Every structure is written in structure tokens, then in C-alpha cells.
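Since chain A is already given, all that's left is putting chains B and C on it; use the hints.
Residue numbers (the working numbering), protein chains in the order written: chain A, 1 to 404; chain B, 1001 to 1088; chain C, 2001 to 2359.
Possibly wrong hints are sitting among the right ones.
Claimed, not checked - Label-pair restraints from in silico Cβ distances: (1) A/Arg358 / C/Arg2046: 49 to 55 Å; (2) B/Ala1013 / C/Arg2046: 24 to 30 Å; (3) A/Arg238 / C/Arg2046: 36 to 42 Å; (4) B/Glu1084 / A/Val42: 26 to 32 Å; (5) A/Gly30 / B/Glu1005: 36 to 42 Å.
Quick caveat, the hints were computed from the structure, so don't treat them as lab data. Quick caveat: nothing in here was measured; it's all calculated off a predicted structure. For every residue, glycine included, the Cβ atom is placed at its ideal position computed from N, Cα and C.
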Amino acid sequence: MASGVVITGLGVVSSLGKGLGSNREALLAGRRRMAAPGLFNVAGGDPSPVAEIPSDLGFEPLPARLARYDSREARIAAAACAEAFASSGALDHYRREIALMVGTTSSGVHGLEECWREYRATGSTSRPWDFANQHLAGAVARAMTKHFGLRGPHTTVSTACSSSANAMILAALEIRRGRLRAAAVLGADTISEMVYYGFRSLGLVSPFPTTPFDEGRRGLTLGEAAACLVLEDEVSARARGARIHARLLGFGMSSDAHSITAPDPEGVGIRRCMTMALENAGIGPGGVDAINAHGTGTRQNDEVEGRAIGEIFGREVPVTSTKSFTGHTLGAAGAVEAVFSILTITDGFVPPTVGTARVSPSMGIRVVTGAALRKACRTVLSTSFGFGGSNAALVFGAAEGGPE
Amino acid sequence: MKDREELKRELKAMIVEVLALEDVAPDDIEDDAPLFVEGLGLDSIDALELVVALDKRYKVKVDTEEKGRKVLRSVSSIVDFLVEKGAG
Amino acid sequence: MNTRIVITGTGCVFPAAVGIGALELALFGGGAGNRRVEDLGEASKRRLPPLVRRRMSRLASMVCLACGESLGAAGIRLEEERDRIGLVFGTGYGELDTTSRMFLAGLEDHMSPTLFHNSVHNAPMGYAGIITGIRGPSLTVSDGHVSGESAFIRAAGLVGGGVASIVAAGAGDERYAFPLFQDPGQGSDPGEGSGFAVMESLESAARRGARAISEMRGWSAGAFDGDPENVGARVDCACAALGEALSGTGGTARSGLAIFAHLWGNGTDDEVLLSAASRVFGGEVTTWSSRDFCGAFPASGSARMLAAALSIARNELPAGTRITPGFGGRVENVLVVGMDPEGDVSAVLLSPPEGGPRP
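This is chain A alone, in the form it adopts within the complex:
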């Protein structure tokens, strides 16, 4: 008999602010911050906006013994993890025997950019060759393990936009099988020049703040964020009297096998992924109260995803893209949007797709625009479809009871 998986801790840092409270407020108020990059100067003028974490928010550097790991992403990751651990009380209860599954795409890039700048300026480098060890994707997991003294296994998933959603699925699989009782799932990614110019070279970046599902949409807006969720075995969580925010009812994974950059126009992979998640959760499309879509704002993704959602769920269920608030936070998106999906359940509202005015009629879906939609939601589907075609879908349910 597979164990249930519940979420007992939440932490988030994004352009909307530091902490669950600030993010919730911004989602309810329809308030977003997207502007020209402040972290670097954009060559050529007329820069596309990004959703940076506000520079006046203070983030502690990592302690001296972990200085080699100190980076923008490590600091925001530490803040999100600290918030999640504090609210869950899991660290002490499990005596730090907690696994850590991380999803990230560009961790370590800032370190590499520094190397490049030095090389460009001087024609040589002062970095030792194993500098890479602390400046690659797997580094944030090692830093957090040592920072919080975690004694469970850790792994880093790097599947572009679906990274932290996949990380959550890995954690859930181990908990269901009884191999783990608790796991922290972390998503973290920061804005960098490489990623900014890279997405621009693909013609995927919107010249104005993104408007997912809008008829006139022109692309994504890059963002940065860290989000952490503490997952636990349900029996164990209830036995210790933990506060349960929501349950992870089911999940689905698939691949497009189509293209590195573009979604399969037929949407076969994403449809399979969503139906797998519903089956895995033991519910039908009618059992879903709201959908937090991948919704990047690109012409292709939104068209393909919109039509797939329309075909499976019809016009009734409200759909939204919170990337309209946070921007596309790459590897962190799965975790950030899981947090927001859980807020939809606990707080009874579906955030709007802010900035979107006229939804493309061709999709046949109902997108929440304008103000947040107040609705009691017991079950929410969250989707993340990655660059390179790795798809993930998560189904969250209310803490008490849930679908019969």
C-alpha cells in the first residue's frame, strides 16, 4: 500500500518579495515588477524586461566555512529553505534525516561569467580547474546539505523548465515506496547575462512584460526565484501533529521527443503527461478545480498547451499562468508554481494571468484575467514543460479528506 505524500512546509523568494506572505499579497493584488535588467547593462539599448528579485531585499551570505559555495542562487535558496524548514518543524523531528531534491538550470553560471570576464580582460585565468566543482548545477544541493546539516540523500535535476517539478516527483516516488519519510524539494535559478541573451537569440523573449495566453503575446519574461517545499510521508506527518498545507495526489512525466527548443505542435507529450497525472491521482478532468499552467507567454507554448488543456478539461476550469507575475523562473518554476498552487487551495483564490487582456479564442479555455478569482479549490493541477521536451505535471489536493 503506497504511502500518501503531504506538504508540511513552504518557502519562496521571487520578484514579488521574500517569503510566502509577500508573494501571496502580490498575487492577490495583481502586482508585478518587471523592468529592464538592473543586474547588468544590456548592450544595444531597448532591453526586454525581466523580473528580478528586488535589490533592497537582504540575503545573508553563506557562512565562512561555505564561502566557496556563496553565490546569488545559494543565498536565495538558503532563504527559501529556511522559511520552509521553520514553518514545518521537520528538521528537528527527523533529526535532519531529510533528503534534498533540487531543480535548477543555470546555477553556477555567474561564477563562469566571472571567469569569462577575467579571461576576456587579461587573456588568462586565475581560477583553479576545480572551481567548476562549486559552480555547476549540483553545487547548490551540496551547499544546502552542508548549510542545514541534512543527512538524507540529495540529487540535482536539471531538465530546464521542468527541473524542480521533476525533483518533486523523485522525492514523492521515494516517499510512496517507504524509502524516505521526509524530503525538501528546492527550485532555484537566477537571472544571468548568458540566459538573457540566449533566450533572446531564440526570439523567445517578449519586448514588453509577458502576457501569457493573450492574442498579442510576444514571448516570455525571464525571472529568478527560489522555492522550497517540505514533503513528508502522510502517516508520519499526522503522527507528529505537523501542519499539513496540502497533499500531493499524483504526478505524470513524459517527453516530447520533438525538438530542443520548441514544443511538439501536436501536444502529444503534454497531453499524455497531464492525463498520466490525473490517473495517478485517481481523479478525472472534472475533479480539477484550477490549473496553474506552464504558460510561458511564447506563441508556441501557449497555443499548444492551451489547446491541450481545452481538449482535456474544456472551458469550465479556470486556468492561469503565474509566470505573468514572477516571469519564467526556469528550473525554479516547478517549485514556485507548486507553492502558488498550494496557496490556491489553502487560501481559496486563483491568481489572475496579470497583464493579459484578450485570451486567444483558438485555445478554448477559460483564463483568469483582471482580478484574482475567489474560488474554493480542493484540487489544483500544475504543469511544467521543459526546453528539450521533458514534461511534468503535479496534482495537489486539500489537506483534509480530498477526492473519494
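Chains B and C in isolation, oriented as in the chain A frame:
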């Protein structure tokens, strides 16, 4: 200002090189043959690479997808575009 | 309740060993020493489709060749199985070479979209999916120098969790020569390559009539939360990892056991592993070092896994194995161990498919 023939030769060589086409010699590419979907079977990434290469080499910008589709239809249409822009 | 997991096919691209046949010759005939994969162009031309391979990075090519070979060796009929197969890939450096090229070509102007989309860690698996048509789950993991072992461990999680009954799992890293970092120097002995194994449940193998080469009977992914200079704590962590990989085998795992690890021949990492092995097994253990074969790189666990599977299938240890007097005649069990300089230890236990009680 180069003549059309010279531009065509340059472009064909550039297409083979920038798009890393094996088993295709520049002379194999017909002036008016469609480059995308049929013909060479190039895709949207190839289109983006060509846009970058054209800007780098001839300092011309193809700044929308629609424009790209018209300009990049064939070697001849690229040449027409370059001549119109006074490039080359 | 625990699913039994077997290996039914392998594939590889390593220095001096493009393909499993060449790997066997190199491992058991002692033809090691190279550190760079040559002849990649030849193999790519023969086995990767032209319109796709022209874009692929060197790493992606190595990985897709190894992955493709493993699927063929396992007798997978892609048209029938493509929706049921998963892909798991581990890489420590990822597309570091591609990323460096992007920087060196300049970021602000005229960035090549191909280089950018090739620079994500999961690009090799993206290409593997495009080439094979596989539409099951696809994961890429990056766990430093245990990236090799990690891939197989996460694949076991997918099979055991019922998400995919068949997974092509492997790892790969490219030997990099970046001007962005100082030259590693001879002492660090950098190598490269990619190894893949098709892993599936015993039921799936039986259903397909596929022959199991070896069985994955245990594993552990151990994270070290302390200071890498603290040798004592690292040894404790390594002991726990070895113990957990062995647990569930009913104590039969110590006979005919060898450890396949990356051993330098001296230094802290060796000291940690050999002390832990000595404590867990009550004395010296037979060891083979993958360093001799392919050098040091984060995904070298994939070489160790393939060497282990082959050793079990042939009942023979690779050339250069340090065999202890008490080893006995049969290769019963191989513990594949990965260690990261920051202290993480991951271990996978491989055995012959018939051997040992059900966990």
C-alpha cells in the same frame, strides 16, 4: 557592391558552413529552390542561425518571423533582400 | 513489494573503447591508457542521422551513441516500446564546453541559438529523445563526481516506483580544455566518456524475453553534510553508504566481492574509501580502479557500472584489479562506488541475476 552571382556563391557557401550541412556542396543548392521544409529540409533554428549570420556578415537585420519567412525562402530571395538593403 | 531490477543491455563511448566489444578488449585485455575519445566522427556518421548530428555537441554525440547501443543490445523494439521507456542521464560538467564557446564567442551580439540551446544539461537527452522517439519520462541529474552512480540510482527509482518499466540510464562527461580555468595538470588525470545500461524490472525482461546480464540488488545515495577535511566523518559516511547498498541482501554479499571505484593510488579520497571498506568487510577488499581505464571525470561511475556488469557476466575481473587472497574463485558481487571530493558517497551493488535471496 558585389554582383548577384558573387553574392549567391557567398551565400551558398555560408549556408553550408553555418548550418554544418554535410554531403551538401554549395553548388548543389539551386538558386530558387525552397530552403525550408522541402528542399534542404531546414528548420526554425537554421532560420535563426542564418539571421544571425546575415547580420554579422552583411550588417542587415531580419527582425520579425514573417520577414524571415519571406527573405529566407531561397538563395535568390536572400540576394534580393541584400541588394535592396544595399548590403554586400 | 520491492521490484527486482536487472540490466539487459549496455553501450558506451570511452577513450580506446567505442562500443562494448572494444570496452571488453580494453578492460580485460589491458588496453587502457587513453584519455580522449578519438574516432567519434566515424561512429557518429555511421549511427546518428545527418540533419540532427550536425548540430550536436561532442558530448551529446558520445551520449547518444552509447544510449543507442544499449537499447539495441537490449533488443528494444522502439516503435512498440517508445512510450514506456524512460531516459536518465547523469553529468557533472554538463555542456561546459558548449557554454565556454558561447562565452568566448561573445554573449551580447550574434549569439548562436544552436550553442545556447545546446548548453542546457538536458540537451543530450533532448537529442536522445529526438533520435530514438522515446516519449517516457526523461531526467537529467548533476551530482558532482557521483553523477554516474546517481543516474542509475534515480533510474532504479523510476522503475521501482512504477513510472517506467524500462529505463535507459547512463552518464557522460567531456574532457574539457577550457581557457576559462587553469589547466588541470597531469596529476588530475582528466578523462571522458559515456556509458549506458538498459535497466528494467525482472517482469519486463521476462515479458520481452530479454536476457538479464546482472541485477542491481542495492544502492545508496549518501550526502555528506560536513567538512571535507574531516576524514573520520567522511569514513563514517562512506561506511553508511556501503552498508545501505548491502542491506537487504541477507549478508551473502561479502563473498566474491570486489569494489570498483576511482582510486588515485594515494590521498584523502583513497584513504576514506579503503578505511570504510576495511571496517565494513573486516579487512582488505579486492579493488579495481576506473582511473586506470578512463581517468577522472564526474560521470566515470558509468564506466564502473559497465565494467561491473561485464565482470559479472564473464565471471572475470578487469586487468589491473588488486585481488586480495581471500577473494575466492567467483565474481559474486561488485560494489560500484562513487566519491565526490566534497564528501558525498554513492554506491550500487551489482550481482549475477540468479544469485542471492529476494530483497
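Structure-based check of each hint:
The beta-carbon spacing between arginine 358 of chain A and arginine 2046 of chain C, approximately 52 Å, falls within the hinted interval of 49 to 55 Å. Distance hint check for alanine 1013 of chain B and arginine 2046 of chain C: the Cβ-Cβ separation is about 27 Å, which falls inside the suggested range of 24 to 30 Å. A hinted range of 36 to 42 Å is violated for the C-beta pair arginine 238 of chain A and arginine 2046 of chain C, which are about 58 Å apart. At roughly 30 Å, the beta carbons of glutamate 1084 of chain B and valine 42 of chain A sit within the given window of 26 to 32 Å.
Remark: the range hint 36 to 42 Å for glycine 30 of chain A to glutamate 1005 of chain B is contradicted by a beta-carbon distance near 59 Å.
This entry does not satisfy hints 3, 5, going by the numbered hints stated previously.
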